[in-house]
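Could you put together the complete structure from these sequences and hints?
Using this note's numbering, read the sequence shown as starting at 795 and increasing by one per residue.
For the record, the hints were derived by calculation from the structure and aren't laboratory data.
The model shown is predicted, which means the values in this text are computed figures rather than measured ones.
Note that CB positions come from ideal geometry on N, CA and C, so glycine has one too.
None of the hints are false.
Okay, derived cross-link-like pairs now, EDC-like style, lysine to aspartate or glutamate, Cα gap no bigger than 20 angstroms in a straight line:
id, residue 1, residue 2
1, Lys1026, Asp1116
2, Lys1247, Glu1318
3, Lys1284, Asp964
4, Lys1247, Glu1326
5, Lys1036, Asp1047
6, Lys1036, Asp1022
7, Lys1247, Glu1317
8, Lys1051, Glu1039
9, Lys1247, Asp1320
10, Lys1247, Asp917
11, Lys1036, Asp1116
12, Lys1278, Asp1116
What follows is a set of in silico ranges between Cβ atoms, one per label pair, in the way DEER data are often shown:
id, residue 1, residue 2, range
13, Ser1021, Leu1332, 44 to 54 angstroms
14, Asp1287, Gln838, 51 to 61 angstroms
15, Leu1310, Leu823, 52 to 62 angstroms
16, Thr819, Lys1015, 25 to 35 angstroms
17, Trp834, Pro1279, 40 to 50 angstroms
18, Thr1049, His1017, 37 to 47 angstroms
19, Trp834, Lys1192, 19 to 29 angstroms
20, Leu973, Leu1310, 38 to 48 angstroms
21, Asp1116, Trp1200, 42 to 52 angstroms
22, Gly966, Gly1144, 25 to 35 angstroms
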Amino acid sequence: MSAPLTPLQFTTAAGATEHRPLIITLFGLFVVATLIITVWAGRQTKGAADFYAGGRQFTGFQNGLAISGDYMSAASFLGIAGAIALFGYDGFLYSIGFLVAWLVALLLVAEPLRNSGRYTMGDVLAYRMRQRPVRTAAGTSTIVVSIFYLLAQMAGAGVLVSLLLGITSDGGKIAIVALVGLLMILYVTIGGMKGTTWVQMVKAVLLIAGALLITFLVLVKFHFNVSDLLGKAAENSGQGAKFLEPGLKYGKDPTTKLDFISLGLALVLGTAGLPHILIRFYTVPTAQAARKSVLWAIGIIGGFYLMTIALGFGAAALLNRDEIIKSNKAGNTAAPLLAQAVGGGADSTGGAILLAVISAVAFATILAVVAGLTLASSSSFAHDIYVNVIRRGQATEKEEVRAARWSTVVIGAVAIGLGALARDLNVAGLVALAFAVAASANLPTILYSLFWKRFTTQGALWSIYGGLVSSVVLVLFSPVVSGKPTSMFKDADFYWFPLENPGIISIPLGFLLGWLGTVLTKEEADPQKFAELEVRSLTGTGAH
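Okay, structure coming up:
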């Protein structure tokens, strides 16, 4: 087995003349291929239904594959592998949480949401409530959640490409983030939902294949004995048996125990409120296809998260912990470094090839997810805010799609700016924040709207804005933003909320405010509208 890789060796190896053309060629091939797909799909995008929902022409399997591509983000591939490599059992909790969350989405949200709306979450909420205030709130929440999620992808992109090309300067990393942002804007403005969906399907296949390859090579090194793999990981981590037990990151004291509960709540409840996942349910023609797509997604995603055991613990077993941290403080480079190690090491052609292939797959992952996120937020702005609030339903389809494309440019610019600031944070942790905001603002409102007859417009507004503001404020004044070496602003210290994830406070608050806003208002819910929504959510009659 090759000696562990130091950052200096890696920069030299990855940036050496003989390997750099290979890396750039693989990246270039993927970008060109996806742009061709996007342009092809863009030529078939004729109106709003094509731009937002891909014409509702995708099968359950195709949509399940695309959902997997949308969901298995940089957090899954880079962040979770890094978290496991550094924190063992506690890092693997991310995998469990991300997977279990799909049961909530399947059982409570997927089918009724697809049946009840046309393009966005705002369609469902506005059906039985006052359109303008509810659509404004839904659009605002969608954009904020998407930007939080985009931060993680941008941070992952900056880390990944910087590592590959040996870029160490902050300016170079920021330029990479900007490049990803520009590609993302191109994908969405040209291809819409059709182009984005096909890119996500291609990316899902590549990611599963890449993870399978690394898993196989890691298991070969340990003669397919998982016990030996875990034992070596524990030994190499410097923590011994503690590495395989709860408590290395969470459980050290009451604060970290609460942080663990908060993280678990955010992960399990967040998926059902993520805008870029919710809009995927509108791309299939029937409710049955929506159910099938979620079942396919659970199977594909479940298989992938099982492989994160080999990715994370393999990195802990075959790489030096200090070297992973030196390469990236949050551990985001553990998977690419592992690929190089199992491919033959820093000085081998095999190592360089596998590193380039896996990194190109990870880059594909980021591009596909940021396209989905940007599409969700631009769709919500154009459909909910521009058409139904600003233009009061009087805009043409052509004007609506034009508004969506322009909002893509603006949201992309914001994501580039914030992503540059978040480049040193663990991407799995950043995604967990997006889950917390989604579970606090979106999920309570969706569930109340679908299942509570008395729910009113005031309840919806209190729930969305209360959950949104509380979660964002708690994040801003948490250790994620300031006060620690791993914070976004590491030289500042203005945090007073001790937890890294706000879910334990903001999620119950979102549900409480939705109930409180409803019972305290004099406004009466329309029972006939609820009955109509109930029939629509169960049958899909009249939704499209």
